[in-house]
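In mature numbering (1 follows the signal peptide of the UniProt record, and there is no 0), the protein residues as written are -21 to -1, 1 to 386.
Treat the hints loosely; a few may be bogus.
[To be verified] In silico SDA-like cross-links for lysine to any residue, where the CA-CA straight-line distance does not exceed 20 angstroms:
no.: 1; residue 1: Lys268; residue 2: Pro243
no.: 2; residue 1: Lys56; residue 2: Lys268
no.: 3; residue 1: Lys96; residue 2: Asn72
[To be verified] Derived Cβ-Cβ restraints for the label pairs, each shown as a range:
no.: 4; residue 1: Lys180; residue 2: Ser285; range: 23 to 29 angstroms
no.: 5; residue 1: Lys224; residue 2: Phe316; range: 45 to 51 angstroms
no.: 6; residue 1: Asp338; residue 2: Asp368; range: 16 to 22 angstroms
no.: 7; residue 1: Lys224; residue 2: Thr133; range: 43 to 49 angstroms
No wet-lab data here; the hints were simulated from the structure. The beta carbon of each residue, even a glycine, is placed where N, CA and C say it ideally should be.
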Amino acid sequence: MIRRSAAVAAILLGIGSTAHALEFQPLGAGSLGVGGSGVARTYGAMAPYWNPAGLAFAPKTVTVSLTAGAGLNTHGKLAEDLDNLVKANDAWNGTQNQTNADALANAFNTLVDTNTKDNFHVTGGAALGVQIKHFGFGAYGTAEVGANPDPGGTKLTVPVTVNGSTQSTIDAALSSKTVTTRGIVLTEVPVSYGHAFDAGKWGKLGVGASLKYLNGMVTMKENLQIYDAANKSVISSSDLFKEGKKNFHDSSSFGIDLGTLWKPVPSFAVGLVGKNLNSPSFKAKNGEKISVGRQVRAGVSWDALSWLELTGDIDVLSNSTIIPGMKSQNLGGGAEFHPFSCLKLRAGGYTNLADSGSDGAVTAGLSIGIPWFFLDIDGAYGLGTAKFDNHSYPSEAKAQVSLNFAF
């Protein structure tokens, strides 16, 4: 049985090492509150998303989960620099003097200096999951929309020479800077099954698989000019986000997930899952593709006390994101306290190992309810700060709500 588990792990790692993927987003099951961990602790309606092997140990005959959430992750200065340029351009359009011309030039030159690491990344998720005995069904949706600056741009000389041709010089320079927006909304509709094998003195080994119908809605706008010379206006960070939600093109494919979950004792579990092992891809209207490649994640869970669970997950391999050149390899974990049957409290944190500039985030959550119904509320708060739409925010922020039923 141990050899079988090792073989499954080797398959997942071997397959996963040949491709890239989108970010592995925490979705449902109180996962966000414990640092985005769920591979080794999810046995009910969200197991088809996290690890189908969890269905092998489903404690309830039927569970249903309804989840929704969203997040914002801002890296570098793109959003802030765009909004500063909007203000400087508005001031120049109001009063065309030396001070405003130089301020506009400085704001634009700062934007020209941005690179791929200066971006923003919006995520979202929603799911309706159903578990019946050792089978799982549902619709699990995740979304990523991002924007990053394209290389290049013609800087303005400071101080600016203010004369009759100044506006044409500004128009030409500002028109030289472009950005690219990308987005995907991915919906998974799986049929999942998990089965447990008795490994004797080694405990129990669960294996699971999901065959999924996939619908991908993709948008991509390359070389989007930040400046409209006709209207003398600059696109803001919020306008850029709106642009990322336009012109979606949808297509269909299928996906395969495999997972394993080893429980040497009832209170301890180690899990490994490979998602989208066939690496499907989806096209945008311009013909470009966004790959939903292979992901490999490992997790552990330990019921240290009757009222305390400790858990953690790690992306075994780094994943691509919707932002070119930006990688995601999250390490996270936390604790869930359940002193009463009607109350659970969660705390944790995570960081992106693939991003040396990651500030990390702290997480928290709670569950309230009765044995057959629970409400989960979870959130994450980045330890850094960033600006978006002229407001200061934590560098990363996420919130999620789930309704859970068990019979």
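For which of the previously enumerated hints does the structure constitute a violation, in increasing order of number?
Hints 1, 2, 3, 5 and 7 are the ones this structure does not satisfy, whereas the remaining hints hold.
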